[in-house]
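Quick mapping for you: the protein sequence lines, in order, are chains A and B.
The UniProt record's numbering puts the first residue of the first sequence at 1, with every later residue one more than the last.
The UniProt record's numbering puts the first residue of the second sequence at 1, with every later residue one more than the last.
No lab work stands behind these hints: they were computed from the structure.
A couple of the hints might just be wrong.
Treat identical chains as interchangeable: a pair holds within one or across any two.
[To be verified] Using 30 Å as the maximum straight-line C-alpha spacing, the simulated DSS-like pairs for lysine-lysine come out as follows:
no.: 1; residue 1: Lys108; residue 2: Lys19
no.: 2; residue 1: Lys108; residue 2: Lys10
no.: 3; residue 1: Lys10; residue 2: Lys96
no.: 4; residue 1: Lys107; residue 2: Lys30
no.: 5; residue 1: Lys43; residue 2: Lys108
Number of protein chains: 2
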Amino acid sequence: MFDLDLRSRKPIYEQLIEKTKEMIIHDVLKPDEQLPSVRLLAKQLTINPNTIQKAYRELEREGYIYSIPGKGSFVANKKEAIYDEKVKQLEENILKLCQEAFYIGLKKEQIFSIVERAERAIRGGEEIDSN
Amino acid sequence: MFDLDLRSRKPIYEQLIEKTKEMIIHDVLKPDEQLPSVRLLAKQLTINPNTIQKAYRELEREGYIYSIPGKGSFVANKKEAIYDEKVKQLEENILKLCQEAFYIGLKKEQIFSIVERAERAIRGGEEIDSN
DNA sequence: TAACTGTATTATATTAAATAGTACAGTTGT
DNA sequence: ACAACTGTACTATTTAATATAATACAGTTA
Numbered sequence: 001m002f003d004l005d006l007r008s009r010k011p012i013y014e015q016l017i018e019k020t021k022e023m024i025i026h027d028v029l030k031p032d033e034q035l036p037s038v039r040l041l042a043k044q045l046t047i048n049p050n051t052i053q054k055a056y057r058e059l060e061r062e063g064y065i066y067s068i069p070g071k072g073s074f075v076a077n078k079k080e081a082i083y084d085e086k087v088k089q090l091e092e093n094i095l096k097l098c099q100e101a102f103y104i105g106l107k108k109e110q111i112f113s114i115v116e117r118a119e120r121a122i123r124g125g126e127e128i129d130s131n
Numbered sequence: 001m002f003d004l005d006l007r008s009r010k011p012i013y014e015q016l017i018e019k020t021k022e023m024i025i026h027d028v029l030k031p032d033e034q035l036p037s038v039r040l041l042a043k044q045l046t047i048n049p050n051t052i053q054k055a056y057r058e059l060e061r062e063g064y065i066y067s068i069p070g071k072g073s074f075v076a077n078k079k080e081a082i083y084d085e086k087v088k089q090l091e092e093n094i095l096k097l098c099q100e101a102f103y104i105g106l107k108k109e110q111i112f113s114i115v116e117r118a119e120r121a122i123r124g125g126e127e128i129d130s131n
């Protein structure tokens, strides 16, 4: 579930934050679903509980989860806000890359074909949604 | 010229590598043009010469520049190879982002409009090339 | 009450990044 | 020949971020 690369140059807590965000955005973790406790997850990942807590603290600060002392940590039900932010961020990144691509001479058609390739890659692995 | 953010969480030498690559790709630095010496650039950026050398060493390893002991460091004239690699890398990144975008529900038309916005942003600031 | 939960704190260890200093050999222009 | 450049190499040290370790406290749950 929370599989992360302990030998990466990227900090563990950052990886954990990213993975958790992804799972929330992709609805792998449902709203109000309980997350594993800091101690349990630390044991499972064989890392320190403080590292987990650091990640959870940041996730709560950004509104992805909420924590109740004594009860546990849960997925926030603010999917719209989070989703909108994610879309905005994606758009920014795509825009930036496309500008770079145009800047060094790629043509619009080349980028369109990449977009279509991405669509096929995704649509191929999912049931058709009829819209 | 080599303006970089000394307070970034990103290592200085990595920033320097990226900036230099950009300038080479964008032809701001021409083939066989001499780069500032490690000592001079270190003084200009008020950082340590070793940090510059680390960046130059990596740039040479990747084929972006070549260094001649006693003479200096120069921009490599392998633009085609570097360019091809850059294009490939850009395509990979765009593909990845588009897959992510499709995955969370964006439509092809939305991404196309982003691509076109990027094109306008670039074409607006350059003379038309007639192809 | 026992065993969970989140939270907080302090101290320590580890590692990467950056600095500092020195040295050696090749190049360049005077 | 000489002074002033160049790249390169090496060791030692400092700094900051990351991660660990060990506790502690309070609320929750069965």
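Open item on the list: Within a copy, between copies, both or neither: which one fits lysine 107 and lysine 30 at a CA-CA cutoff of 30 Å?
Closed with: between (41 Å within a copy, 23 Å between copies)
Open item on the list: If the cut is 30 Å between Cα atoms, do lysine 108 and lysine 19 qualify within a copy, between copies, both or neither?
Closed with: Classified as between: cross-chain Cα gap 25 Å, same-chain 32 Å, threshold 30 Å.
TODO: Since the copies are identical, ignore which copy is meant and state whether lysine 108 and lysine 10 lie within 30 Å (CA to CA) inside a copy, between copies, both or neither.
DONE: neither (34 Å within a copy, 32 Å between copies)
Task: Up to 30 Å CA-CA - lysine 96 versus lysine 10, copy category - done: For lysine 10 and lysine 96, both the intra-copy (23 Å) and inter-copy (19 Å) Cα distances are at most 30 Å.
Task: Same-copy or cross-copy closeness of lysine 43 to lysine 108 [CA-CA at most 30 Å] - done: neither (49 Å within a copy, 43 Å between copies)
Figure legend: structure checked against the earlier numbered hints; hints not met, in rising order: 2, 5.
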